[in-house]
Amino acid sequence: MKMENLWIVVSKEVMDALRDRRSMMAGLLFALLGPFVLAAVLKAMIASELDAGTRPLHLVGATHAPGLVRHLEAAGVTLQERSGKPEDLLAASPGTVVLEVPGRAPRDLAQGREATLALWADMSDDAARRQAQRVQALVAGYGAQLSGQRLLGAGVAPGHAHALHLQLRDMGGQGGRTALVLGALPLFWLLGLFVGGSHVALDATGGERERRSLEALLAQPVAPGTLFIGKWLTASLFGYVSSAAALLLSVVALERLPLYEVGMAFAPDAAMQAQMLLILLPLALLVGALQCVVALHARTHKEGQIYLNLLQLAPMVLMMHELGTGSPIAAHLLPMFSQHAQLGALLAGQAVAPQLLALSVVGCLGAAALLIAFGSRRLGSERFVFGL
Amino acid sequence: MIVVNNIGKRLQSLQALDAVSFSARPGTITALLGPNGAGKSTCLRILYGLLAPDSGSVAIDGIDVTRAPLAARRRLGIVTDEFGLYERLTPRDHLRYFGRLHGMRGAMLERAIGRVVQEVGLEAEAGRVCKGFSAGQRIKVALARALLHDPAVLVLDEPTRGLDVMSTRAVREALMRARGRGAAVLLSTNVMQEAAQLCDQVVVLAAGRVRFAGTTPALLAQTGGSSLEQAFVEVIGSDEGIAA
Chain S
4 MKMENLWIVV SKEVMDALRD RRSMMAGLLF ALLGPFVLAA VLKAMIASEL DAGTRPLHLV
64 GATHAPGLVR HLEAAGVTLQ ERSGKPEDLL AASPGTVVLE VPGRAPRDLA QGREATLALW
124 ADMSDDAARR QAQRVQALVA GYGAQLSGQR LLGAGVAPGH AHALHLQLRD MGGQGGRTAL
184 VLGALPLFWL LGLFVGGSHV ALDATGGERE RRSLEALLAQ PVAPGTLFIG KWLTASLFGY
244 VSSAAALLLS VVALERLPLY EVGMAFAPDA AMQAQMLLIL LPLALLVGAL QCVVALHART
304 HKEGQIYLNL LQLAPMVLMM HELGTGSPIA AHLLPMFSQH AQLGALLAGQ AVAPQLLALS
364 VVGCLGAAAL LIAFGSRRLG SERFVFGL
Chain Y
155 MIVVNNIGKR LQSLQALDAV SFSARPGTIT ALLGPNGAGK STCLRILYGL LAPDSGSVAI
215 DGIDVTRAPL AARRRLGIVT DEFGLYERLT PRDHLRYFGR LHGMRGAMLE RAIGRVVQEV
275 GLEAEAGRVC KGFSAGQRIK VALARALLHD PAVLVLDEPT RGLDVMSTRA VREALMRARG
335 RGAAVLLSTN VMQEAAQLCD QVVVLAAGRV RFAGTTPALL AQTGGSSLEQ AFVEVIGSDE
395 GIAA
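Just so you know, the protein sequences line up as chains S and Y, in that order.
Position 317 of the first sequence, counted from 1, bears residue number 320 in the working numbering, the numbering being contiguous throughout.
Position 30 of the second sequence, counted from 1, bears residue number 184 in the working numbering, the numbering being contiguous throughout.
These are computed hints drawn from the structure, not numbers from a lab.
Since the model is a prediction, treat every value here as computed from it, not as a measurement.
Hints may be right or wrong, so weigh each one.
Here chain Y is said to cover these stretches of chain S; the calculated rule only asks that three of the stretch's residues, wherever they fall, bring their Cβ under 8 Å from a Cβ of chain Y [unchecked claim]: (1) 14 to 23; (2) 125 to 137.
Here are some, though not all, of the chain S residues that point toward chain Y, as calculated from beta-carbon distances under 10 Å [as the list claims (entries may be wrong)]: (3) M6; (4) E117; (5) L120; (6) L122; (7) E211; (8) E213; (9) S216; (10) A219; (11) A222; (12) E306; (13) I309; (14) F389.
Derived DMTMM-like pairs (lysine to aspartate or glutamate); straight-line CA-CA distance at most 25 Å [as the list claims (entries may be wrong)]: (15) K5(S) with E264(Y); (16) K305(S) with E264(Y); (17) K305(S) with D272(S); (18) K285(Y) with D23(S); (19) K285(Y) with D111(S); (20) K285(Y) with E241(Y); (21) K285(Y) with E213(S).
We put the CB at the ideal spot given by N, CA and C, even for glycine.
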């Protein structure tokens with residue numbers, strides 16, 4: 004294969020694809036929108052988290068429960084003493100949470116009976132629901148303290164009343180939580196590989212058949228393999244650029260968010276960004292090859308679009324199953340799964356072992372080589388080209 | 155020089171070509187005549203190496219097409235049955251791409267582009283993208299592409315099909331100029347008038363076999379027909395697929 008001919012094919016395909024403004028903008032728009040949509044969602048989540056901590060709790064009948072007031076304040080709850088009916092307060096300022104201590108509560112408590120408090124909240128409101136759940140937990144804790152004191156007064160050890168005690172131990176460190184929340188990012192980047200090169204692969208392969216330019220092209224003094232490889236490289240390049248743009252824009256968009264406010268961090272340095280781009284490169288080559296082979300078999304543009312749109316659903320498989328720490332090392336030969344796992348590990352602040360990287364490169368390039376050999380063969384086959 | 159030697163080709167259950175032999179000399183125009191389905195396109199596709207013959211051989215300027223298809227194609231200028239264009243490229247972009255695939259570069263390529271653009275009358279459209287081009291404009295681009303590297307052999311598959319009078323005339327003039335430069339020109343056609351006016355020799359193909367190969371006067375003499383159309387009917391034994 005003459006490298007010069009390959010360059011001629013690639014430069015023509017790139018020029019042709021760049022002039023297809025509408026398709027190119029659709030691919031780039033995805034790369035631009037994805038990270039910013041995620042950033043907007045994260046921003047809203049941070050604001051909501053911060054809000055939940057600082058929202059005041061409206062307390063009606065504070066004078067009837069001074070002990071509870073002290074307990075809540077000690078837990079960092081900002082209290083606002085109010086009077087009037089709780090439903091009026093809720094109507095006046097929707098989304099607030101009101102704790103109502105009835106006047107007879109002190110008497111019930113003093114007589115050893117159960118005192119009933121009421122918590123008023125609109126549970127369809129996310130922020131109000133979270134605040135109400137927190138208040139429920141705090142009031143339940145205070146109730147358990149009072150029960151313990153009563154049991155002690157009766158000469159019973161409080162522990163006898165609690166057969167089970169469930170303690171939640173949050174093992175997710177700061178990096179782990181970050182990886183969980185930012186886990187959607189690699190999916191956007193992987194999807195970029197599929198979206199960015201899709202129209203190029205379709206136009207350069209199935210498009211040649213539909214516009215009836217394939218026969219004239221194959222009749223030129225250039226090997227079918229060179230033509231296919233040129234088209235594959237162009238499709239891979241566009242997919243990679245789209246994915247890289249999504250990755251770099253994610254960094255730009257998320258760097259500006261106050262993630263530290265919620266105990267998270269996302270600030271990949273240049274070396275880490277370069278490593279992530281390198282991880283995506285072999286997969287870009289494989290996705291380009293897959294798209295070219297699939298689109299080559301389409302008789303019309305519409306048919307090709309259907310096939311390639313179905314192919315774009317491939318990253319969704321990662322939502323159902325992903326490589327975990329318990330997966331065998333050889334599983335990193337699996338394209339897409341390995342890149343997803345490695346990008347996730349980098350985001351969680353872990354290093355990726357070189358042998359795992361090597362396995363994922365081998366898996367992708369091996370599969371790409373098989374597809375290229377198949378596509379080149381098809382272009383050189385009279386049965387395929389003329390549908391004999 | 156084109157030498158087709160005893161080629162046979164079966165397409166699925168159909169014997170598309172059976173022991174087909176003829177030659178086309180430099181400085182001549184040869185018409186490959188035949189009704190629809192006679193095997194003309196199959197024959198031409200074997201000539202430029204996209205179909206492999208089951209038997210026999212084809213040589214372009216002494217190069218065996220099956221053994222060295224790329225070397226043979228370098229000597230060939232081709233207008234295929236389907237001449238789809240890249241809609242976002244201009245005729246100049248097309249010519250640059252195909253010229254470079256033929257090994258042309260720099261000033262030599264640009265000079266050749268200027269020459270063929272003028273030769274086929276594409277000056278006004280040369281810088282416009284091909285989207286929306288008429289059939290005539292499209293064939294001009296395809297013809298310019300075939301003539302660009304000044305090939306020794308020019309092969310065209312029904313190049314005037316569906317064209318208006320002016321476009322047909324432009325194609326014929328370009329072919330006559332190529333003959334004048336010493337190229338061996340082979341074109342398939344259904345148009346008897348075209349063959350009579352333009353061609354030095356005809357090869358009549360029917361049901362995959364050569365029914366006649368020689369000059370038009372020889373064809374008329376052999377059949378005793380008063381016109382080429384009558385002679386054609388005599389040779390193939392039916393009037394199917396004739397256009398005046």
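How the hints compare with the structure:
Against chain Y, the segment 14 to 23 of chain S contributes 5 residues with a C-beta closer than 8 Å to a partner C-beta. That satisfies the three-residue criterion, and the hint holds. With 0 residues bearing a CB less than 8 Å from a CB of chain Y, the segment 125 to 137 of chain S misses the requirement of three and the coverage assertion fails. Nearest Cβ of chain Y to the Cβ of M6(S): about 13 Å, over the 10 Å cut. The hint is violated. Taking 10 Å as the C-beta contact cut-off toward chain Y, the hint placing E117(S) at the interface is violated, the least distance being around 79 Å.
A distance limit of 10 Å between C-beta atoms decides the matter here; for L120(S) the minimum to chain Y is near 72 Å, and the interface restraint is violated. Because the smallest distance between the Cβ of L122(S) and any Cβ of chain Y comes to about 65 Å, over 10 Å, the interface hint for this residue is violated. Restraint check, E211(S) versus chain Y: the minimum CB separation of about 8 Å is within 10 Å; hint holds. Hint status for E213(S): holds, given a least beta-carbon distance of 8 Å to chain Y, under 10 Å.
Taken as an interface hint, S216(S) checks out: its beta carbon lies about 4 Å from the nearest beta carbon of chain Y, inside 10 Å. The closest approach between the C-beta of A219(S) and any C-beta of chain Y is roughly 5 Å, which is under the 10 Å cut-off, so the hint is satisfied. The beta carbon of A222(S) comes within 5 Å of a beta carbon in chain Y, closer than 10 Å, and the hint placing it at the interface holds. The restraint placing E306(S) at the interface with chain Y is violated, with a minimum CB-CB distance near 17 Å, outside the 10 Å limit.
With a least beta-carbon distance of about 22 Å to chain Y, the hint placing I309(S) at the interface is violated under the 10 Å criterion. Residue-level restraint check for F389(S) holds (minimum Cβ-Cβ distance to chain Y is 7 Å; threshold 10 Å). Annotation: proposed proximity of K5(S) to E264(Y) holds, straight-line Cα distance about 23 Å (limit 25 Å). Between K305(S) and E264(Y), the direct Cα distance comes to roughly 37 Å. Violation of the 25 Å bound is thereby established for this hinted pair.
At most 25 Å may separate the alpha-carbon atoms for a hinted pair to count; K305(S) and D272(S) exceed this at roughly 42 Å. A threshold of 25 Å between alpha carbons decides the hint, and for K285(Y) with D23(S) the separation of about 12 Å falls inside it, so the pair holds. Of the pairs offered as hints, the one joining K285(Y) and D111(S) is violated, with about 87 Å between alpha carbons and a cut-off of 25 Å exceeded. Restraint check for K285(Y) and E241(Y): satisfied, since their Cα atoms lie roughly 4 Å apart, inside the 25 Å limit.
Of the supplied pair hints, the one linking K285(Y) and E213(S) holds, its CA atoms being roughly 14 Å apart against a limit of 25 Å.
When held up to the earlier numbered hints, the structure conflicts with 2, 3, 4, 5, 6, 12, 13, 16, 17, 19 and fits the remainder.
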